Structure formats: C-alpha cells, structure tokens
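Engineer: If you read the sequences in order, they're chains A and B.
All you need for the working numbering is the position in the first sequence, starting with 1, plus 471.
All you need for the working numbering is the position in the second sequence, starting with 1, plus 508.
Read the hints as simulated data drawn from the structure, not as lab findings.
This one's a predicted model, so the numbers in the text were calculated from it and none came from an experiment.
Among the clues, some could well be false.
[Said to hold, decoys possible] Subject to a maximum C-alpha distance of 30 Å in a straight line, what follows is the list of computed DSS-like cross-link-like pairs (lysine-lysine):
id : chain 1 : residue 1 : chain 2 : residue 2
1  : B       : Lys970    : B       : Lys1034
2  : B       : Lys691    : B       : Lys638
3  : A       : Lys811    : B       : Lys638
4  : A       : Lys825    : B       : Lys721
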Amino acid sequence: MSLDAKLENRQFLINKVLLDPRRDEDAGVRKSLSYISGERVHKALIYVGMATCGKVAGAKKTFLAIQNYLQDHDIDVTLVEGGCVGFCREEPLVDVQLPGKARISFGNVTSDKVQPLLDDILNNNLPEQKPLGQYQNPILQQWDGVPFMEEHVFFAGQQRLLMDNCGIIDPVSIESYIAKGGYWSFTDTISTKTPAQVCDIIDKSGLAGRGGGGYSAGKKWNAALSTVSDNKYLVCNAVESDPGSYMNRAIIESNPHRLIEAVLIAAYAIGAGKAYIFIREEFSLAISRLEKAISQAREMGIIGHHIFESGVNINVAVKKGARAFVCGEETALINSLEGKRAMPSSKPPYPAEKGLWDHPTIVNNVETLFNVPLILKNGSEWFHDTGTKRSKGTKIFTLSGKLKNYGTVEVPMGMTFRDILNDIGGGMAGEKDFKAIVLGINSGSYITEETLDIKVDFDELKSIGGALGSGAFVVLDSGVCMVDMAKYFTAFFKNESCGKCIPCREGTARMLEVMENVTRRPSDNQSFQTLERFKGVMQLKNLAGVISETSLCSLGKSSPYAILNTLKHFKKEFDAHIFERKCAANICTDLRIYHIDVDACTGCTACFKKCPVDAIIGSPRYPHFIVQDKCIGCGTCFDVCKFNAVLIK
Amino acid sequence: MECKIEVNHKTLKVQEGESLLSALRQHGFKIPTMCHMNRFSPTGACRLCVVEVEGKSDLITSCSFPVEAGMKVQTNSQRVIKARKSLVELLLSDHPDDCLYCQRNGHCELQWLAAEMNVKERKYFAGKQKDNPDYSSTSVARDPAKCVLCSRCVRICEEVQRVTAIDFISRGTRTKVNSAFHKGLNVSSCIHCGQCIQVCPTAALTDISHLEKVNAALGNKKKQVMFVISPAAIVSVTELIQSKSKNKVRARLTAALKRLGASKVFDSGTAADIHVMEEARQLAELIRSKDKKDLPLISSCCPSWIRYAEGFKPQLTQHIAKVKSPGHIAGSLIKLNYAREHDVAMEDIYTVSVTPCVAKKYEASWEENTHKGVSEVDAVLTVRELFLLLRSFGLNLEQIEEEEMDAPYNHSSAAAIKLGYSGGKAESVAQELFNIMGGSKKEAFRFMQPKSITSKRETKVKIGKTQVGFAWVSSIAEAEDYLNELGESKRDDIHYIEVMACLGGCAGGGGQPISRGFEQPKARKKISVEMEKKAAWQKASGNTMAADLFERFSFRQNEIWEDPF
C-alpha cells in the first residue's frame, strides 16, 4: 500500500469509525471495514501462523518456502506473518483466502508440503492435503466438502471471547484491528464515560483477576481511583513464568492491540497517565510486536497527549523484566520496575494505595485486561451471561502433556475439566491411563480422576483445596512419578525464591532435601542416615504448613502446595518411595536396583571395568554379579552392556 | 487517633495506624524480631514477629501491619509459637554450629532466639553454609556463612550511609549479602564506618581484630607499648561500669592497662585540643581571606567522612580542613616528640589507639600517616576489643586500684571531650574561634540542641564583628542532604560544618559495644557532658601542654611533618 493510501485509510478509520458512534449504520463503511480487516480480499491472502509456537514447529521455514514459491511463480499475493489460533498440535498452520472465497485453513504445513498445497489452492482447487477446516462467512462462497472450523472438535467446545481475533488478523496491523472493532470501546469510553463509571462497570461485571489470585478487578480499580495522588500508574503484568502456561505470550503475539486498548481503558479508569507493560525479557517476539503496535497506536493518536482532543493523556511503555519467577508477584514487579532487586514487600500498604514510586498503582494480568474492552463494549450484564454464579467470563488454558489436542484454548467458566480433557483435548494420547492434571506451579493443584468432574470455577476449586492458577493445564499419565513431580516443583521454588524471607528461602531448600532423600537409596546403611531421612519425612507436613502460613508473598505461600497435594492425592505412591523404596513409574533413577541376568551375561567385563564403585564382581567369560550393598545405582553398567544382560528391578 | 484493640483477650488503648509491633511492645508484649530496626521501614523478611489476627487466614507480621480499630490479636497462640519456632529452626538448619569459636558467642541474637524458642534438637538436617570469609578490608570483616540475611546491614548502609557497599546477590538459598561482583570489601565503596557491625545480629560482620597484634607487642620485650585512650572511649567504658566506680574510669583503666604490660597510658585529649586549635585557626584564616571561596570549612576528624568525600564528592575535598585527626596527632607526638625527648627509638614504640571507631583501623593504614615507614598508630582497638583484652587478662575494672595517666599527655580539656558526640566539635571550634577572632574571655557556651540526636542543626554566633554560622550533621545521609541543600540555596552564612559519619557522632560509633536501637548515643552524650564539667579547662587552648605543642609544630594533614629537631 502506498503511503498516501495508508494515510487516507487511517483518516477514514479515525473519522468514520473511531470517532463516529453511528459507524455500524452505514453499509458502505461496513463494506470498507470488511476489506481492511481482511475478512474480504481483493487479492489472494496467505496467512502463516508465526507466533512463537508456530515458529518452534517450523513456520519460519514454511513462510520462506511460500515466499520463494510466490517469487518463482511471480504471483501477487498478500503474505501475512500472523498470530496463533491456538491449535498448537497442527502447527505450522497456513490459511489461504482467495477473493470471494471462504478462508480455508491447513495444518501441519511443513516446508516440503508448501508446493503441492499452493499449486492446487491458488488455482482454486482443493489440494490433496486435507484441510483443517474453513471459516464460516455468509457473504463468501464456501469450499465444498470442507468442514467448518467452528465445528472442529478442538474449537466446538470453546467460547472464544478473548481469542476471537487471535490467528485471524494481522497482529501488527492497527488497521485490521480497528476494522474488527478494536479501539472502539476506548474511544467511546473516553468520550462518554467518566472514570468512576468505568470502574463501576468493571466492578459490576464481576471480573476477577486471572493471574491466580482471583481478586475482583473492579474493587482494585476503585481503590486506586479513590486514592488521591498527583500521579498514578497502571502496570500490566506479562511476566508469565509458570511452567506449562504460555497463553499470555500467545495472545499478546496474536493480538497486541487488544492489550494496548485494555491498558488504555484501565489507565483512564484509575486516572493514570502512564502505563507500563512489564513483560518477560525472553518473550522477544511478543515484545517486538507490542512495540510495533504501540508505535502504530501512537502514530494514529490513540496513545499520547490529548488523545482525540479529549484532554486525556496516557502513555504506554514496554518494560522488559528481569529473568525471575518472582517478578510475577506484584510488589516484586513494582520493585523491579523501579530498578531495584525484584523482592516482594509486605502488604499493606497495597499497591493500589502506594505502589510504583509510592504512587497508587494497579497491576493487572494480561488475560484480565483482555476482558476489559469487551465488557465496556457490551456492558456488565452481558459478561454475566458467560460463566458460573461466582466466576464470570471465560478462562484461557494452555493444554499440554499427554493429551491429543494440545494448544491454547478458551473455555467458559463452569465447564468441567473432564470436558476440556476429553472433548477439546481429544482424550489421552498414548496407551497409558490418566493420572492427573496439574493446574500450574502457582496453584500446585492436582485434578485427579475423582475430581475430574468439577467445574472451572474459583470457588469450586477452592472447595477441593486447590486454586485455578494462571492457566496451565498439564495432563499427566501413569508414566509420571508424582513424588518426582513434587520434587521438581519444590526445586523450582527453591531456585526461584528471592531469598528474602526465611520460610521460603530455607524452607523450600529443606523440603527439597527431604524429597531428594526420599527418592534416593542410602549409599550405606548407617543408622544416622535412615534417622535423618525419616525425621525429614515426619517434619515435611509441619514444615509445609509453616511455609505456607508465614511466607511473605504468594510465591512462598504456594511453594509447599505441590507437596501437600501429593501427600493428599498420592499418599500411596509417596509411601512406596519411603518404605519400600520403590518408584512404580520407574522414574526415580536413584531408587532403581540393577541386577545381571546370568543367562544373558557373556562375561565381557565391560561393566566390571566401568563400575565406579567396584560393585561388580566376576571373571572374564563367566557371568558377573552386582554387589547390591556397594551399588550406588548410577546405571553405568546398564548403559555399557551390549547384551541387555543388566536389568532394572 | 486512639482506638481499642484486643490482645490475648485484654483490651488495649493504642494509636490507630501505628505498626502493631510497636503498639504491642509499648504495652509490654514480648515479640521476637530479627530484621526489625527502630526508625526503619519494615521489610517483613524474618517473619518472626507473626501474630494471629482474627479474620485473617494467614499469620500476619506485626511489624508491617497497621493497627486497626477493634482487631483481635493473639500473640502467643500455639499456631504462632509453632511457626516462630520452626522459623528459628530453619535459620539454624544451615547455620554453622561453631558457637564456641564464634566472636559473638553469648551476644548473638540467633543464640538468644534459639534459647527463647526452646530449640533443643536439630530438626532439619542440611549442609552447613560454606563461604569464604572476606578479610580484605582494613576494618570490617565479613563471614557470609554466619549471615542470616536479615538485611539490617544492607539497609543501614543504604539508608543511613547512602554508600550501598553491600547488597543482596543471587537468589534462593544462594542469596548472599556481598559487595559488588563478589569482590572484597577493600575494593568496594565501603567507608569503614562499621555501622553494619553495630546492627548485625550474628558474627557475620565483625571488625578486623588488632588484638593479636597488640598481644604480640605486649609480649615483646623490646617494644614499649603505649596506649592512647580517647575521651570517647572513656565515656563508653563509663557507661558499662557500675555506678559506684563511674567517676574513676580513667584511673582504673590506666591501672588495668599498666597491669597487662603497657609502658605508658596517654589521653588523646591533648591531641584533640591541638586538632581543635588547628581547625579554628584554619577557619579564622578562611573567614579573613578575601575571596572566601573555600568556605565553608568542613571538619576533618572523621576518617569515614573523608573516605566518603574522596570517593563520592571529590568537589568537596577542598573544603575539608587540612588537619590530622586527633588519634594521629597523638601518634605522631609520641613517635616523634616523646621519643626524642625520652631518647627512645621510634621503631621501639608501639602505639595502640583505643577509640569507639572502626574506621580508625583504616585511617592507620594511610600512607600520609607514616613517617619513614613507621606508622604513627600501630594498632587500633575498638571499645569492644578493649573489653576482650581486659577479660583475657582477667582484669575487672570494678575491682582495681586507681592510677594516674602518664605525663605529658595526661589531660584533656572539655573541648576535647566534646569531640565524642555530634555537635560537640562545632562547639569547641566556636570557642576557639572566640579566642582567635573575638578576644573574648567567654569560657564555655552550649549550642541550643534539639532533643533528637539526628536532626540536622545549625546556629549562628557573633564572634568579633562577624556572624559565624556553625552546622553539625551526623550520618552520611544527613550530611549529603545538608550539603546538597546548602549548595542549591547558595547560602554563604554557614562557615563551619562538622560532619560525623556515624549517627550521633562517635557516641554512636561502629566500634562501640553492640547495642540495639538508637538510644545509646544519647546516654553516652549525657555522660560526656558530666565529664566536661569536671575537666580542668573548658577551651582547647586552655590546655597548656597542647597550646605549647601547637605553637611549636605544624599538624596539617598531607604535609610530611619533617623531624623538626
């Protein structure tokens, strides 16, 4: 597009769309918008899912292959580096839209599949590769025999309020975002509503924080609004470091403008002149797309001084976070933002009263903010339509682990975990049985077979002693050792503790040591060691209780949940480790016992030579033996044996 | 606003909004703490002050929680006691168990806490912390293995001294308090004030001990060990002595030091008098000078302040008086003047300075404080070390005869004693300035001093025809703020600024006996004032010995004092 055309386009969007409340009434405007948004196209459009998840699956290669193909054949096609529709299993995803025809989506398009695919599709033929589906659109001609995407099992159970544009629009095109209805709420809000009204709407909607705590966003905003100060700040918490969750990254990469709009509305609502998006430094793609989006919004006059002559001044800046899990805790995040060491500080005073540089500050999670433009557009009552009595709206999960359809999904609150797992997730992958779902390290909650029928709801999860967490949804099968899992979680907390308060710093280290002792065979049978081991196990529950009761921040408080929940749901497995020294899943390497199959052993002496503790005896050409008292279970003999004579018990 | 709260089923009247901890302590409830420091904002790091509040699901830290009307608090419920005990046990789990070999044995807050919590067995087994101690500095030693990460040193270094020589490094169990890039304190921005030692609950921070050096010298027959006691040290010893023998500390201390083998015991008061006279002379010179560009004159007796100014504010160094500090004037008097008069070789004299200061150890290492390779002060003992020395020799100041200090440096004027607390030195210099410029016979006057020991102060005195402005600040934060303010407002009515790096001056020095809180400097100042009343002379120049020496020699800093004989 030429520069003039681009400017003209933008003027049109500002005057006829953003600033004109009767935008919907004019059919001409609607038609123009459908072209700008990419809903309808003048020339063919190829859209490659190029969020981080796509890139990992090889979308970059696919993209280059498509580019080469187009160059070689000299075809004029709009090629878009897109976002993520959420279906990670099918990455790299390529969507094709021909003029007048419905958009059609292909999964698993690796670079070698590009040529046959494009050969056919650009000639208006269905290729051999089975498409994932086509997008329903009444004004476009549909492909024959191609199912609708909305009916695909992965999408059918979802309710995509927040992710509606993810993987559909060009993430770094402000025009297509506005054409899809973006920034309308913001311009309407600043021209027709007072900050107090906005806070009221959010409060009435019942929107709860999605970062894990579930605290009412409206209450928080009201507290900040009512605090008198010459300076206020809004901070968006995009430090998503819970292992197993990446939905914040995915939705920022796929729709950065939505976040900016939400941040602007929130800043307006509490009277903040400056907003920060505090994002993990590792999210390089999300950062670059956000920065691009911010500069576009600034060019259009949506961010900055005296926005659309309303007298509202809001500035938005991206701040890259230190590489620390604790940065996700709001007071630590504020400290980090101030340039200090990321250490949490005591509450009260709450950041809403005294936060960044001692000014009232609101810290909201990305997903929480994503709800805001919608609520303002449709009203608080509308938000009540989705969800349960106490938990409103939708929740985004990242499905991962041993299930068939993994990816980012958005489900209405109130859906059962069984439905998510079996319907959207397509059930278990592989032969093994379902064991548990881990709802992130933050919450440390396990959903087991017995609790699989509970709903996605803050209160219901609380009633079983869990928490919703940030949105991780890791499915474990029977091949996973839960003691090992708890050990992993504890090690994570031990390494990520900021070191400030005693219970978290010392307590997590002690818990880990106990867990390590449990998953290890004693090298010699000294009574002292056994005593130490049992003493640790006896203290474990007490210690976990003290840590969760006295830790300074929520990170510390949640650090023992994994162990407490393992003790609660998987006590048998735990006991087997302690008393029988057995790991049913055969994961805890230190508990394995090796022995040599006399029939298979050829007496090659390979293991004899390699054993680091001389625990193997035997003479050449005769079967060897392992002296169990000496064996440290390192597994060297198992690795060196060429005749599969070393067995694991 | 006053409100009522219920603590352990008893109703208390407390101020709304103040911290729960201070409210509880005011009413006599004993709440253990580790990271808490009066006058500092709470960090909530140690969690030991947890209490149970009705309606809160978790235990809350009383140090950071404001009092709310009607709250119901349990300070000693089973849940609270169990939590506190577990916390102490966790702290102990990787703490080195070498209490018997520890410098703070018996004075250690962790030991006290363990005793208070009735810890009788090792509950958690963990590897002991292994960390290399840092003895690189001339004055402050660090042993990270004993650190409990209460952050008190970090906060005092940052908030009171604005130096931030030490801070937290790494995360999780690897968290350490360390100087930048894990380098030694000797290459950090440390100003050697020793305030961190004062606040450290364990032996993670201690002074670099000169005890062994002193002991070796005492055992060396060739050496004549001469102790130089500063009046401030006498004040802090007096504070710890039973009331009966309070008046005779000077004499008793002299007797005790003589018993352990000192050949002479001197008072550094004479040197302090000389120091005051020299500063007053330089001040008079500046006031009389035409351009007055080097005004205000800033005092030079505090080595920590000098180190701070050189490192952080080099533009200020031209304002600092060019005078040796009293300790080193005393050292050079002994090693040059006394040695010549009594025909002793300079190398055979071993001077030991006793002060409540850690930075003096650092000052003794300066090149300009040596003569031909012989240092003026061979060893510096802090008051803490003085007590250790006396104890190791089995000497008890309560039960010892009295003995006069040795001539010729056996007296100090009230002006010299005043150097021990913030504001005192400015007073002494003002008196001396009267002598030089005003010709007044006025013997003593006291500046109007507010009750708090830390608020910055200034006053104006008419001396001769000039209105002379004096100011005094203690702690680097105060000094920095005051000097910045002065620079910004471009005032020229302040002529002399006394800067002491420790809160309250030397009375709150880093080498004082360890005390919790900031009330001690006030008590020591009171003792000082009593001592001043008994002094033979009020003005520095009243000390005839000092006045005589002052006439004969130059005591300017950085000028190599050529042997005048």
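Engineer: Next pair to validate is B/Lys691 with B/Lys638; report whether the Cα-Cα distance is within 30 Å.
Structural biologist: With a Cα-Cα distance of about 17 Å, the restraint between B/Lys691 and B/Lys638 holds, given a limit of 30 Å.
Engineer: Against the 30 Å threshold, does the CA-CA distance of A/Lys825 and B/Lys721 hold or violate the hint?
Structural biologist: violated, 53 Å
Engineer: Run the distance test for B/Lys970 versus B/Lys1034: straight-line Cα separation, threshold 30 Å.
Structural biologist: Holds. B/Lys970 to B/Lys1034 sits at ~27 Å (cutoff 30 Å).
Engineer: Does A/Lys811 pair with B/Lys638 here, judged by a C-alpha cut-off of 30 Å?
Structural biologist: Cα-Cα ~27 Å, so holds.
Of the numbered hints given earlier, the model fails hint 4 alone.
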